[in-house]
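With the hints as extra help, turn the sequences into a complete structure.
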Amino acid sequence: MDRVAVNPSTAMATVVVDELVRNDVRQVVLCPGSRNAPVAFALFEAANRGELTLHVRVDERSAGYFALGLGRASGRPAAVVCTSGTAVANLHPAVLEAHHSGVGLLLITADRPPELHGTGANQTIDQRGIFGSAAVTVDFPVAERRAGLNPVWRGLVCRGVARAETGRPVQLNIPFREPLVPTFGDEWPDQLVGRPGGLRWTTSSAARSVPGNRVDFPLPARTLMVVGSGDAARATSAAGVAAKAGWPVVAEPVGAAAAIAGGAHVLRGGPLLLGTGALPESLRPDAVVVVGRPTLSRGVRGLMDRVPVYGIGDHPQWTDPQFVATHVRGWLDQDDLVHVTGHDHSWLAGWQDAEDGAAEAVGALLAAEPWPTGLHVARDVVAALPPGATLFLGSSNTVRDVDLIARHRVDIAVHANRGVAGIDGNLSTAAGVSLGGGAPTYALVGDLTFLHDANGLLIGPGEQRPDLTVVVLNDDGGGIFSLLEQGAAEHRASFERVFGTPHGVDLAALCRAHGVAHTEAATPADLRRALDPAPGLRVVEIKATRDGLRDLHARLRSAVGAAIA
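Each residue of the sequence shown is one higher than the one before, starting from 1 at the first, in my numbering.
Since the hints were derived computationally from the structure, they do not count as laboratory data.
C-beta: ideal position from N, C-alpha, C; glycine also.
You may find that some hints are simply not true.
Stated by the list, open to error - Here are the simulated lysine to any residue pairs, SDA-like style, with alpha carbons at most 20 Å apart: (1) Lys244 x Val340; (2) Lys543 x Asp506; (3) Lys543 x Pro370; (4) Lys244 x Gln352; (5) Lys543 x Ala508; (6) Lys543 x Ala530; (7) Lys543 x Gly500; (8) Lys543 x Asp526; (9) Lys543 x Arg529; (10) Lys543 x Gly561; (11) Lys244 x His343; (12) Lys244 x Asp344; (13) Lys543 x Leu279; (14) Lys244 x Gly342; (15) Lys244 x His339; (16) Lys543 x Leu510; (17) Lys244 x Ser346; (18) Lys543 x Thr519.
As the list claims (entries may be wrong) - What follows is a set of in silico ranges between Cβ atoms, one per label pair, in the way DEER data are often shown: (19) Gly363 x Arg529: 19 to 27 Å; (20) Pro113 x Glu485: 50 to 58 Å; (21) Pro387 x Arg145: 52 to 60 Å; (22) Arg555 x Pro32: 50 to 58 Å; (23) Ala565 x His327: 31 to 39 Å; (24) Pro32 x Ala493: 44 to 52 Å; (25) Gly120 x His503: 38 to 46 Å; (26) Thr53 x Val338: 45 to 53 Å; (27) Gly548 x Thr53: 45 to 53 Å; (28) Glu144 x Phe44: 45 to 53 Å.
Structure representation (structure tokens):
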């Protein structure tokens, strides 16, 4: 940009957007507002030039999760832009999820200039560092008409993107003075240009730990490996050890493909096998190696209370909420096979026999049970997805049902918000995953998860729409609580009002109001047809009941326990 006649806010916003493009930030979510108007104009022009893809959303909470999904699927930090005040606070849930999931996210928050803080000015809060330790804050100076600011603005953008590329949320807090729309004025005192050839103002190399042979303790022959969410390369590397050592692997849905890629035998229904109570002697491990961050199964947590636990995860913030880990290291690969003390050929074979017996017991139980239950739907949805599809699993019961009984598929990509594991923002994240990854995408969610992010359906007529099929298991309330302590018979009097929370919402009418196609699947055949690939956003509703859910899961555990005894 040569010397031009622009006001300071327009100049800074134009430079910031140009430098974002040079830093390969190509997906930007914009929320409308006044204080962020300079950035909105600059983004509009950049999108028209084909330099980035612009998405507009009216709700900041949904927009934050949408940007998270874009980044999760694409592997590049996406940006979300909002105005000042409570708009910024509404990004906080998505920031927490991104922080705990290790997903880079850029939060471009417009701010009021310093002279308006503490004056009672409208939409003015102390938003610098509002996200606390969950995000890195990069503070911009207020734009002024003077020379020397172009490298400052560009350098700050580069610093923010560099941090986001390491898997951190980063807040670029940018104060703007009026005028907030493009106007003519005096010529800018110097050129507002970037590096030649479209390069970043400052290139950097992310500091990453180099995988190494850091295990220095014995690994028993009868070891069980548990794989949760986290770095796929770490999981694949560790699973290679399990494959060579003859260890069975219990993997959560988001980690199963990486474990299978390492050659390991990933048990179908592993959490069911561990959740039946006391394991038979032949299946009791001498140690558990935990890779990444498992969050779903109480059976897994219960096992880790009884045997030595070795963690393979991020340092220094490793996963060990029970404080049972004996050793934690950052990497496990086949160089570490020298630490495996022997090879028990019957160990894996015994688990495979148990797996087969459990699968037969589960099949018989579900065949005798009226369709649909969450277990039926989890099994049937995963089985019916076309190869190459992407599946997003909502928090609460749906991801756990898939974890319990669905078969593992390496030909689909599985995502879930397991950083903080809230039910907020799941539809928006799934939409972002769809547009960020490009594959036909399916989301399996419960009704409360669906309703909690109904604004994820709110997409303007001119906006790019995801190819996303949302399957909603609607049991009119919080089914997961039926399976927890508060679902016991002695709490029946209070349960429905404060935990069951029936809502009675007509989901078909809600979808009509948003212009979203809605189908009800009343049979397995209906569901299979509804899952045939189709463009656009659509909702498939399956109506179920929470009655008998606790008893069903008790019978399931009992049947599996009897099969492996």
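Practice task
Kindly indicate which numbered hints from before are broken by the structure, ordering the numbers from low to high.
Solution key: Result: hints 10, 13 and 28 break, sorted rising.
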